[in-house]
Amino acid sequence: EDQVTQSPEALRLQEGESSSLNCSYTVSGLRGLFWYRQDPGKGPEFLFTLYSAGEEKEKERLKATLTKKESFLHITAPKPEDSATYLCAVQAGGNFNKFYFGSGTKLNVKP
Amino acid sequence: DGGITQSPKYLFRKEGQNVTLSCEQNLNHDAMYWYRQDPGQGLRLIYYSQIVNDFQKGDIAEGYSVSREKKESFPLTVTSAQKNPTAFYLCASSPREALRAFFGQGTRLTVV
Chain A
1 EDQVTQSPEA
11 LRLQEGESSS
21 LNCSYTVSGL
31 RGLFWYRQDP
41 GKGPEFLFTL
51 YSAGEEKEKE
61 RLKATLTKKE
71 SFLHITAPKP
81 EDSATYLCAV
91 QAGGNFNKFY
101 FGSGTKLNVK
111 P
Chain B
1001 DGGITQSPKY
1011 LFRKEGQNVT
1021 LSCEQNLNHD
1031 AMYWYRQDPG
1041 QGLRLIYYSQ
1051 IVNDFQKGDI
1061 AEGYSVSREK
1071 KESFPLTVTS
1081 AQKNPTAFYL
1091 CASSPREALR
1101 AFFGQGTRLT
1111 VV
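Chains as they are written, first to last, in my numbering: chain A, 1 to 111; chain B, 1001 to 1112.
In case anyone wonders, no lab produced these hints; they're calculated from the structure.
Computed from a predicted model, the values in this text were never measured in an experiment.
Be a bit skeptical, because a hint or two may be false.
Stated by the list, open to error - Just the calculated beta-carbon pair ranges, DEER-fashion: (1) A:K69 to B:S1007: 34 to 42 Å; (2) A:A77 to B:N1053: 46 to 54 Å; (3) B:F1012 to A:A10: 28 to 36 Å; (4) B:Q1017 to A:A53: 46 to 54 Å; (5) A:S7 to B:K1070: 27 to 35 Å; (6) B:D1059 to A:E58: 29 to 37 Å; (7) B:N1053 to A:T67: 34 to 42 Å; (8) A:D39 to B:T1110: 15 to 23 Å; (9) B:E1069 to A:E58: 39 to 47 Å; (10) A:A10 to B:T1020: 46 to 54 Å; (11) B:R1096 to A:K69: 23 to 31 Å; (12) B:L1099 to A:E58: 13 to 21 Å; (13) B:L1027 to A:S83: 24 to 32 Å.
Said to hold, decoys possible - Keeping only pairs whose Cα atoms sit at most 20 Å apart, straight-line, the calculated EDC-like set for lysine to aspartate or glutamate is: (14) B:K1009 to A:E45; (15) A:K106 to B:D1038; (16) B:K1009 to A:D39; (17) A:K42 to B:D1030; (18) A:K42 to B:D1038.
Said to hold, decoys possible - Quick partial rundown of chain A residues pointing at chain B, CB under 7 Å, derived from the structure: (19) P44; (20) F46; (21) A84; (22) F99; (23) F101.
All C-beta atoms, glycine included, are put in the ideal place defined by N, C-alpha and C.
Please put together the full structure from these sequences, using the hints given.
Structure follows, in structure tokens:
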């Protein structure tokens, strides 16, 4: 069964304190892994797509990496405006247009 | 501006009523989706459609219905058979190659 698990469920950081969020997955034939940011009461905002193990993508203070079993979202020197829920999703080869989402990591960055 | 528009932003339903959530996209995407989001849970797929006049059930389709008569529109009806409809509903679309899904801003449905 295709499955996506994110950890931790919640993370509190001080401004400037770097950390990582984890997304582990079990899918048949990964077509792509996606990271989204979601603010309260809003729709998810796209951050990155990763397609193969070893791939890395960066955007400002965020860096996403991918292995054969998991992905990490590294946050370097976070600011309070980085506070949000970060969602991971995968697209499996057998279900071309279906995206499977994890339950998210709620990040709170204190000034 | 291109994007996905969901309406209304907030919706209140009485017990036993059917309600319809609107989703319109002007991105010329082939695929459209409806997800439900509950506190502390991930997005769960209700229905999806890859082409006009065709749609498939997702993981939690019971108590919901959809139509896809036009490429740009994918309305979701929450029927009285849905026993726990209070949730945040998200509509999304993706191009044929499904490189990623684009989301609307959501509709919060509350049963009163």
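Results of checking the hints against the structure:
Remark: the range hint 34 to 42 Å for K69 of chain A to S1007 of chain B is upheld by a beta-carbon distance near 40 Å. As the Cβ distance of A77 of chain A to N1053 of chain B is approximately 50 Å, the hint placing it in 46 to 54 Å holds. F1012 of chain B and A10 of chain A have their C-beta atoms about 30 Å apart, which keeps the hinted 28 to 36 Å range intact. Distance hint for Q1017 of chain B and A53 of chain A: a CB-CB separation of about 49 Å, consistent with the stated range 46 to 54 Å.
A hinted range of 27 to 35 Å for the beta carbons of S7 of chain A and K1070 of chain B is inconsistent with their spacing of about 41 Å. A beta carbon spacing of about 33 Å between D1059 of chain B and E58 of chain A agrees with the range 29 to 37 Å that was offered as a hint. Taking 34 to 42 Å as the suggested C-beta distance range, the pair N1053 of chain B and T67 of chain A conforms, at roughly 41 Å. At roughly 20 Å, the beta-carbon separation of D39 of chain A and T1110 of chain B lies within the given 15 to 23 Å, and the hint holds.
Taking the beta carbon of each, E1069 of chain B and E58 of chain A are about 42 Å apart, inside 39 to 47 Å as hinted. The supplied range of 46 to 54 Å is broken by A10 of chain A and T1020 of chain B, whose beta-carbon atoms lie about 35 Å from each other. In this structure the supplied range 23 to 31 Å holds for R1096 of chain B paired with K69 of chain A, their Cβ-Cβ distance being about 29 Å. Checking the proposed 13 to 21 Å range against L1099 of chain B and E58 of chain A shows it holds: the Cβ atoms sit about 18 Å from each other.
Restraint check, L1027 of chain B to S83 of chain A: a C-beta distance of roughly 29 Å satisfies the suggested window 24 to 32 Å. For the given pair, K1009 of chain B sits about 17 Å from E45 of chain A by alpha-carbon distance, which is consistent with the 20 Å threshold. The hinted pair formed by K106 of chain A and D1038 of chain B meets the criterion: a straight-line CA distance of about 14 Å does not exceed 20 Å. Simply put, K1009 of chain B and D39 of chain A have alpha-carbon atoms about 15 Å apart, close enough for the 20 Å limit, and the pair holds.
Note on K42 of chain A and D1030 of chain B: the hinted pairing is violated, with a Cα-Cα distance of about 23 Å set against a maximum of 20 Å. Annotation: proposed proximity of K42 of chain A to D1038 of chain B holds, straight-line Cα distance about 13 Å (limit 20 Å). Among the interface hints, the one on P44 of chain A holds; its C-beta lies about 5 Å from the nearest C-beta in chain B, closer than the 7 Å criterion. Against a cut-off of 7 Å between C-beta atoms, the interface hint on F46 of chain A holds, since the closest Cβ of chain B lies about 6 Å away.
With a least beta-carbon distance of about 14 Å to chain B, the hint placing A84 of chain A at the interface is violated under the 7 Å criterion. This hint holds: F99 of chain A has a C-beta 6 Å from the nearest C-beta of chain B, less than the 7 Å allowed. Look at F101 of chain A: its Cβ gets to within about 4 Å of chain B, closer than 7 Å, so that hint holds up.
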